[in-house]
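Colleague: Spelled out from the first residue to the last, the chains are:
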Amino acid sequence: MQSNRSYYWLVTLISLPAFLWLVPTLWMLSLSFQPNDVLARTTSSTFFGLIPLPFTLDNYAALFSYGQTPVWFLNSTIVAVGMTLAVLFVSTTAGYALARLSFPGKNFVIIFCLIGLMVPEQAVFIPLYTMFADFGWHNSYHALILPRVAVPIGVFLMMQFFKAIPRDIEEAARLDGVSWLQIFWHVMLPLARPAMTTLAILTFLYAWNDYLWPLVSAQKREMFTITLGLASIQTNFAQSEGLGRIMASGVIATLPVVVLFLLFQRYVVQAMTAGGTKG
Amino acid sequence: MAVYGWSGKRLGQKSSAALLLTPFVVAYLAFLVIPFLNGIWISLHNWNLMAVAFDPNAKEFVGLRNYERILWGKNIVWSPAASPLVQWSAAFVLLSTLLLTAFGKISRGTAVLVGSIALILFVACGFHPGAGGRWYDRRFWPTVGNTILFVALTVPSITIISLSLAVLVNRESRAMAVFRTIFFLSQVLSVTVVTLIWQLLFSPRQGLIANVITLFGGSPIHWLTDERFAMAAIVITTVWWSLGIAMILFLAGLQDISRDIYEAAALDNAKGWRAFRHITLPNLKRTITLVVVLQIILHFQVFGQSHLMTGGGPNDSTQTLVRYIYQTGFRDSELGRATTMAVFLFVIMGAFSLVQFLLGREDKD
Amino acid sequence: MKQIILATMLAAGFASPVMAEDISLGRFFGACENAGSDTKTSVGEPCIIQSIINAASEQIDGVTVNTLPTDWGNYYDQLKAAYAGKTPPNVHVMHRYRVAEFAGTGALADLTDDLAGAGIDVSDWEAAAKAGVTYNGKIYGVPMDFHANLWHVNMDIMQQAGLVKDGKPVLPTSVDELMAQAKLVKEKTGKEYLIGDFSQFETGVRVVMSLIWQQGADLYNGDTATVNTPEAKAAIKVLTDLFAAGYADPKYNYTDSQQAFLNGEGAILINGTWVVDYYDSQAADPAVALKNYYAATFPILFKDKAAWAGSHMWAIPAMLKQNDPAKYAAALKVLAFINDHDGDWARTGHMAVRKSVLASDAYKALPHRTEYATTAGLARTMPPSKHYGAIQDTLNREFQAIWLTNKDVDAALSDAELDIQDLLDR
Chain S
1 MQSNRSYYWL VTLISLPAFL WLVPTLWMLS LSFQPNDVLA RTTSSTFFGL IPLPFTLDNY
61 AALFSYGQTP VWFLNSTIVA VGMTLAVLFV STTAGYALAR LSFPGKNFVI IFCLIGLMVP
121 EQAVFIPLYT MFADFGWHNS YHALILPRVA VPIGVFLMMQ FFKAIPRDIE EAARLDGVSW
181 LQIFWHVMLP LARPAMTTLA ILTFLYAWND YLWPLVSAQK REMFTITLGL ASIQTNFAQS
241 EGLGRIMASG VIATLPVVVL FLLFQRYVVQ AMTAGGTKG
Chain X
280 MAVYGWSGKR LGQKSSAALL LTPFVVAYLA FLVIPFLNGI WISLHNWNLM AVAFDPNAKE
340 FVGLRNYERI LWGKNIVWSP AASPLVQWSA AFVLLSTLLL TAFGKISRGT AVLVGSIALI
400 LFVACGFHPG AGGRWYDRRF WPTVGNTILF VALTVPSITI ISLSLAVLVN RESRAMAVFR
460 TIFFLSQVLS VTVVTLIWQL LFSPRQGLIA NVITLFGGSP IHWLTDERFA MAAIVITTVW
520 WSLGIAMILF LAGLQDISRD IYEAAALDNA KGWRAFRHIT LPNLKRTITL VVVLQIILHF
580 QVFGQSHLMT GGGPNDSTQT LVRYIYQTGF RDSELGRATT MAVFLFVIMG AFSLVQFLLG
640 REDKD
Chain G
645 MKQIILATML AAGFASPVMA EDISLGRFFG ACENAGSDTK TSVGEPCIIQ SIINAASEQI
705 DGVTVNTLPT DWGNYYDQLK AAYAGKTPPN VHVMHRYRVA EFAGTGALAD LTDDLAGAGI
765 DVSDWEAAAK AGVTYNGKIY GVPMDFHANL WHVNMDIMQQ AGLVKDGKPV LPTSVDELMA
825 QAKLVKEKTG KEYLIGDFSQ FETGVRVVMS LIWQQGADLY NGDTATVNTP EAKAAIKVLT
885 DLFAAGYADP KYNYTDSQQA FLNGEGAILI NGTWVVDYYD SQAADPAVAL KNYYAATFPI
945 LFKDKAAWAG SHMWAIPAML KQNDPAKYAA ALKVLAFIND HDGDWARTGH MAVRKSVLAS
1005 DAYKALPHRT EYATTAGLAR TMPPSKHYGA IQDTLNREFQ AIWLTNKDVD AALSDAELDI
1065 QDLLDR
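Read top to bottom, the protein sequences are chains S, X and G.
So the first sequence is numbered by the working numbering: it starts at 1 and just counts up by one.
So the second sequence is numbered by the working numbering: it starts at 280 and just counts up by one.
So the third sequence is numbered by the working numbering: it starts at 645 and just counts up by one.
No wet-lab data here; the hints were simulated from the structure.
For clarity, every value in this text was computed on a predicted model and none was experimentally measured.
C-beta atoms are modelled at their ideal positions from N, C-alpha and C, and glycine is treated no differently.
Careful: at least some of the hints might be erroneous.
Counterexamples of contact, computed for chain X against chain G with all Cβ distances above 12 Å [unchecked claim]:
id, residue
1, VAL402
2, LEU587
3, GLN635
Covered, in the sense of this in silico footprint (three residues per stretch, anywhere, with C-beta under 8 Å from a C-beta of chain S), are these stretches of chain X [unchecked claim]:
id, segment
4, 309-317
5, 376-390
6, 599-608
7, 613-619
Just a few of them, taken from the derived set where beta-carbon distance is under 7 Å, the chain G residues facing chain X [to be verified]:
id, residue
8, GLN844
9, LYS895
10, GLY1033
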């Protein structure tokens, strides 16, 4: 084990880059507490602008004066949670099948899935849009969730993970007469918690910050996500005249995701449970 | 074992697999494959986004003409010295590969892979417009070049930095948890906010960077309006923004390496750098491939940074492929051309990812 | 559950003998939550437009308006996607330069014969405003404003340089005078003469275009690009000479240029009409270095009277006119209402498009409006083209390449000409 001294050295060593890393975010936080008309003239009033002086809460108050902000939060939450659950379901099932079960055409399915990884969003955007319009699906939660469910990245990630789990765990269960589906559910899924958490964080983030698709799909204000809603409030040239408010909306929109990350990060960085895997 | 209610006991391996794959395959076909095939179909047409919506007959089937108009030109000729630097380096690499293979210094697989990349570069960079000729779209290939440059700068930087950070902060302690959060924090911001902050940071007038430089007596860099720095600026922004996920993936990968191995190695006096080189790296191979491929795919699609920070400029030096696709499709409503470029992007992302896969596989032998 | 829905539907169907038309309205300008419906006191673009819309919803019998605000940057993406999906808003705002594209693809309803019936007097519109909403001889929208580039003047700096006469800034009437003034300002005050966003937003293109038009030339003519011309070179030289002598800085973006102007770092800022009221209020703030503010019309440096101006306008989708005459009539009423409130909208700083409004005392009483009243007579834009957006971006790219990356003027102009010709040929 590391001695205390080298540990403290390490902490000191990382502190500098960590601080530098944090500076843009701190700046954003500081700007969000400054009045817009001051920011229109200078963004570096006190200590490079890193200290919010003059101080105001107006930017936040203005955001919450929009009656629909809570609705937008709710929409974002529904969409992000819905998408995350769907992606987890689809990816773990397919990932497990591709990693651990043998069936004819498996390599074909894997390659087929990998190819999908390279399809740029722009190539499917319009066809998808017109398809949803034909079905009359726009302005709904499922329109915001469904196009993002089949992410090959998720399947790929889970497949890689399941592959790394030693065979003997599974074989022991098979000898006990446990079915493949039971192994998946009772043995594999619990083991997959770190990978699933990673995938969940990735998906949730993606869903939360997703912009172009919700923009065209959700035209009604009641269906806006928070990212969309906050963007719709902005005036033209808001970066020059309403900078503080933009920063405040950035903070507001980001906060839930940060909290979520703080809650779940320990699952990512956690020694694997008993009977864990070896590389 | 306990009794689990309905257990699917009668399901064999094949039917279990089929059952488990169904949700993915259905969603995948419906929301990705079919729209993509539809996109390829569009790329074979002269197809205006709005005109076709009002009158389905407004599209015109043009076969591969969109591909010709974008990729090719009038009177294009080939010469071995069109872009001497790239071509001759490629030729040098090709020759060295041949020599090294002849002397048995490298394996045949590596040789074929590296050799064919060099050959493709040598041939592809040799095309240029001859006398009186021109590219039909003079901006397309430079845009491809910018995009590849962006990927070439971003992916290795992110991979190396995030891997080092992951190794350093991979400990259970409060301070490390704080560090992990800090490095991940930037990742949760949306592209609008990230590009806005960095635009301000880079501002030569009021930007933090300029202010600090001026404080030490330097003169501020015009990051976003100087051809030499604009690409660097969006790469820096991207590294800052998207390093978090790579770090998380590496952290998850590091969890899979058993402590026992390190302890055993420590007995052999393999610590620090040696342990990293001989234990961590080999065991992380799968994760590294994953991270690199994911990033290649992600960063080939770079859009917001270029669109919002530099507008592709100055002088097109940060114009990227997806921005070009976006402009062609949405600003100009030319869906046919836009999807053609998207299909091309699909092909080169595929090629780069394939190379990465093959390299990953190669090293294992 | 089913019964409840059914009952509600029946109730809704029978209880309202006079069907109220619900008009969906798509717009940018930003959102305003508590705009009210008092069109005289609301402040700022988002709230002024929203108060007019709210008033329309309240005051027009049998019409309610449901606003769908969206963000600026991606407005047209959303709008085009909505058209492609056949679900466009019943009424929407757009820029005049998009008319060729939208009307040309059959998206917009031809309003020519229906405006008078709706109470919209076309003859009251300024000629340039009417031209902006006309495509192939038909009218496709109701113009709401001109937004032109003005010369926003810091009078104190001009005073120091001796360039104020009778309380008005002395502005150049030729290129030589411009250079002489710039030199004077630099010598007397050490400050920059001209500030503007020449590195990001289209300010530079709009200035160069204006100077090209002032020489009687244009950037394309029908299907032929005419970019590489002596007139274009002369126009660009005006800016590059200013940059070379240090009288202006090409590297400022929008935020930089505005900060510089408010902080009193230059005599003149080139920016749109939309900031007049904002600068006026800033100049009143003791913390701001800019004290005496004047909004001047873009000067004529060559022979012809011309300066770039855009217009915001309101349009109705063609499919609404075809499929739902009742709703189309209601949408026209909304357009008429907005037209009636042109004077209220002009409180944003944009110029009104109706002659009667421009001549009214209420309009003239607005801050600085008389200072740039001549702007309406100069308003000019490029010839209509489906590719306007791409053409403007091409010019922006190549012009900026000239002053940001020292690209050779000839090379830049011939590249631009080639690219624009390609666009026109498509």
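Colleague: Each of the hints needs a verdict: does it hold here or not?
Modeller: Okay, the hints, checked on the actual structure:
no. : hint    : result
1   : VAL402  : holds (27 Å)
2   : LEU587  : violated (8 Å)
3   : GLN635  : holds (33 Å)
4   : 309-317 : holds (count 8)
5   : 376-390 : violated (count 0)
6   : 599-608 : holds (count 4)
7   : 613-619 : holds (count 3)
8   : GLN844  : holds (6 Å)
9   : LYS895  : holds (5 Å)
10  : GLY1033 : holds (5 Å)
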